[in-house]
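**Student:** Those protein sequences? They're chains A and B, same order as listed. Each residue of the first sequence is one higher than the one before, starting from 1 at the first, in our numbering. Each residue of the second sequence is one higher than the one before, starting from 1 at the first, in our numbering.
Incorrect hints may appear among the rest.
The list cannot tell twin chains apart, which means a pair is met if one copy fits it or any two copies do.
[What the hints assert, rightly or not] Derived pair list, reagent style DSS-like, types lysine-lysine, alpha-carbon separation capped at 30 Å:
| id | residue 1 | residue 2 |
| --- | --- | --- |
| 1 | Lys122 | Lys183 |
| 2 | Lys143 | Lys157 |
| 3 | Lys157 | Lys183 |
| 4 | Lys51 | Lys61 |
| 5 | Lys143 | Lys122 |
Calculated from the structure, these hints are not laboratory results.
Residue-level listing of the chains:
There are 2 protein chains.
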Amino acid sequence: MASKTSIPEPVLRRFPRYIHCLHHLRSRDVDTVSTSMLAEQLGVATAVAKKDMQYLNVEGKNRVGYDIVQLIHAIEELLGWNNPDEAVLAGAGNLGCAIMGYDRLQNYGVHIVSAFDTDPGKTGTNICGVEVLDISHMTSLIKRLHIRIGIITAPAKHAQAIAEAMVDGGIMAIWNFAPVALKLPPHIIVQDTQLYASLSVLSQKLKERLDAST
Amino acid sequence: MASKTSIPEPVLRRFPRYIHCLHHLRSRDVDTVSTSMLAEQLGVATAVAKKDMQYLNVEGKNRVGYDIVQLIHAIEELLGWNNPDEAVLAGAGNLGCAIMGYDRLQNYGVHIVSAFDTDPGKTGTNICGVEVLDISHMTSLIKRLHIRIGIITAPAKHAQAIAEAMVDGGIMAIWNFAPVALKLPPHIIVQDTQLYASLSVLSQKLKERLDAST
Chain A
1 MASKTSIPEP VLRRFPRYIH CLHHLRSRDV DTVSTSMLAE QLGVATAVAK
51 KDMQYLNVEG KNRVGYDIVQ LIHAIEELLG WNNPDEAVLA GAGNLGCAIM
101 GYDRLQNYGV HIVSAFDTDP GKTGTNICGV EVLDISHMTS LIKRLHIRIG
151 IITAPAKHAQ AIAEAMVDGG IMAIWNFAPV ALKLPPHIIV QDTQLYASLS
201 VLSQKLKERL DAST
Chain B
1 MASKTSIPEP VLRRFPRYIH CLHHLRSRDV DTVSTSMLAE QLGVATAVAK
51 KDMQYLNVEG KNRVGYDIVQ LIHAIEELLG WNNPDEAVLA GAGNLGCAIM
101 GYDRLQNYGV HIVSAFDTDP GKTGTNICGV EVLDISHMTS LIKRLHIRIG
151 IITAPAKHAQ AIAEAMVDGG IMAIWNFAPV ALKLPPHIIV QDTQLYASLS
201 VLSQKLKERL DAST
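Next up, chain A with everything else stripped away, as it sits in the complex:
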C-alpha cells in the first residue's frame, strides 16, 4: 500500500466517485465488483481503475473482483470520512445553501458546524440544519471550536477580508469559490474552485465544434 502522502490529486478526486458508484451497486444487491466494471461506471480506462485500487489496503479475487463493502470501507478510511473535519462557511447565498444542503457533504470528510453572513435577514436562521450567525462572530467561534477548514461562498470583494478573519481564528485550509487570488501566509492551504470557468471551456468547445462542421 502506498503512503497517503503520495496519492496524486486526480486519484483523490476519483475516490468519492468510486464510493458513489459502489453505494449504487450495493443498493441493487450487487456484492462484488471488478475493476473493469468500476472503470466503465466512472468513464475511465480499466488500467486507471486498477492503479487507483492499489492505493487501498484491499485484495481483489481473480475473476470475482472486490468485495464492495470492504472496498467502501477502505476508501472511506483512506479519505478520513470516518472522522470528518469541522468547517465553517462564509456567505449563505445560493451557492452557500447548495453546499450546506448537500446531503453527502459529510461523506467528503467535512461537517459544516456554522455559517456566517452579514445579511440580518439570514443571521439567526437555520439553513439545511446549519445555523447562520453574524460574520462578526466568526473568528471567535473558529478559535473556540478549534475549526480548521473554512469555505468561502461570499462575493469576491469580501473574500480577502473573510479569509484573513478565518486565518486569525486558526483556519488552516480554505475552500474558495470567490474568483480572486487570496493573499495568505504560505502555510495556509487554499483550494480554489472556479465554478464558472468550466462554462467558458464548454462554450468554447461548442464553438469549435460548430466552426469545424460548417
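Position chain B relative to chain A; hints supplied.
**Tutor:** Then chain B, alone, in the frame of chain A:
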C-alpha cells in the same frame, strides 16, 4: 494571434478571471495594466500572464502595459461573450438556483432561457428571472428554440435520462454536475464538474500537513 482552436483549457479558464480583475481595476479608475500586475492579481507567474495575452489581438505598450478597455473587449470577443449561447438547466434545487442566480453567468457566454424540474412546488414559478417548467416539456422546448447547451444539476439517479432527453432535443454540449459518467453519443461535448471532489483534496492536504507537523 493564435487560432481559437489552439487555446489550451487552462488558458481558457483564466480568461474569465482576467476579465473579473480588469473590471475591478476599471471600477477604481485605473486605465492601463501591466502583465505583471495581472499575474499578481491572478496568483500566476508573470510569464504565464504574458503568454496568455498572446492569444489576444491586442498590443501592449512598453512600460505602460495594456489599455484595460481594449483588453476586456478582446477577451470578451475571444470567449464569445458578445453573442451568448442559450442554455436550459435541469434540476432547480439549491445548486441549480445558485447557477441561475449568478449575475455574471451571461458574462461566461451562456444565457439560461428555461429551467426544468419534476417538483410541482417549483414548476410554474420563477427563480432568479428564469421560468421553471415541468421536465416533460424539456425536449420539445429545446427543439423549438434550437438550444445547444444543457446544464444538469439534478440528482445523480436522474442524470442519464435527463441527458438523453436533452440530446433528443438537439443539445450538443452538457455541463454535468451529477457524479455519474454520462453515456452519450461521441459527438456530444460533456463538461463534468465534480464540485465536492475539491473537498476531498482539501481535507487530504490538511491531514498531510497535520501529520507532517506532529
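**Student:** What label fits Lys143 with Lys122 when the C-alpha limit is 30 Å: within, between, both, or neither?
**Tutor:** within (23 Å within a copy, 40 Å between copies)
**Student:** Are the CA atoms of Lys143 and Lys157 at most 30 Å apart within a copy, between copies, both, or neither?
**Tutor:** within (24 Å within a copy, 40 Å between copies)
**Student:** For Lys157 and Lys183, with the copy left unspecified, which applies at a CA distance of at most 30 Å: within, between, both, or neither?
**Tutor:** Answer is within; shortest intra-copy Cα gap is 13 Å, inter-copy 40 Å.
**Student:** Taking 30 Å as the upper bound on the Cα-Cα distance, should Lys122 and Lys183 be classified as within, between, both, or neither?
**Tutor:** within (28 Å within a copy, 41 Å between copies)
**Student:** How do Lys51 and Lys61 come out at 30 Å by Cα distance, when the copy is not named: within, between, both, or neither?
**Tutor:** The answer is within: 16 Å in one copy meets 30 Å, while 50 Å across copies does not.
In the structure shown, no violation is registered for any of the earlier numbered hints.
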